[in-house]
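Q: Please take these sequences and the hints and turn them into a complete structure.
The sequence shown begins at 3 in this note's numbering and counts up by one.
If you are wondering where the hints come from, they were derived from the structure by calculation, not from laboratory data. Possibly wrong hints are sitting among the right ones.
[Unchecked claim] Computed beta-carbon distance windows for the label pairs:
#1 S53 x T176: 21 to 31 Å
#2 G166 x A49: 27 to 37 Å
#3 S99 x A145: 36 to 46 Å
#4 A31 x H155: 14 to 24 Å
#5 H155 x A35: 34 to 44 Å
#6 V157 x A43: 34 to 44 Å
Since the model is a prediction, treat every value here as computed from it, not as a measurement. By construction, the Cβ of each residue, glycine as well, lies at the ideal position given by its N, Cα and C atoms.
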Amino acid sequence: MRLKPRFFKSRALLLGTLSPLIAARIACAEPAADALPTGFATSGPAAMTTSGNTMTVTQTDSRVIIDWESFDIGRDARVDFVQPGSRNIAINRVTNSSGDPSRIYGSLHANGTVVILDRNGIVFGAGAKVDTSGIIAATGTLANPAGFLSGSHPVFNDVAAQSGARIDNHGEITVRGAGLAAFVAPEVHNSGIIRARLG
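A: In structure tokens:
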């Protein structure tokens, strides 16, 4: 998967120690142990099923856009994206009106690329395990949804629109093959593990 360089202009991955003030701005409670994403609605061929603490999203085309009210994954929960192939992309737009970031403390698996867009921020908590062929976490919006579904490269807007939005990784992220791991936000902190050839 190729990403246009403008995605990452002046949005470098920042690794370092957070000041207490900045850390407090993103403080949020861990979700319930069995928490799963809510409010599934899709633009494109995809279906969602749940069984116990496991959610399966089955994508039947190369590209899909899914809207969620929340995208929390509790430490005992798991979300699987079943995609046609490793080069396929699922963009997940989170519209959480509470102002809380997406909180991923459990398992997220995909055989293709998963994109998570949440203007409130995204937290990969301690114990989170992400295993995909590509993972992009961003605080922006998708600029041209119709163009993306028609085959254009995804472009993200308004990455810095939400003051204090950030991405934190305290978990373990593995990207297989030549897939990409990218965090796109005004503030990014990594104290976990990221294994990715193009990370």
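Q: Hint by hint, say whether it matches the structure.
A: Taking the hints in turn, this is what the structure says about them:
The given range of 21 to 31 Å is respected by S53 and T176, whose C-beta atoms sit roughly 24 Å from each other. At roughly 35 Å, the beta-carbon separation of G166 and A49 lies within the given 27 to 37 Å, and the hint holds. For S99 and A145, the Cβ-Cβ distance of about 22 Å falls outside the hinted range of 36 to 46 Å, so the restraint is violated. Between A31 and H155 the CB atoms are about 36 Å apart, so this pair departs from the stated range of 14 to 24 Å.
Range check, H155 to A35: about 37 Å between beta-carbon atoms, so the 34 to 44 Å window is met. The hint said 34 to 44 Å for the Cβ distance between V157 and A43, and at roughly 22 Å that hint is violated.
In the structure shown, a violation is registered for the earlier hints numbered 3, 4 and 6, in ascending order.
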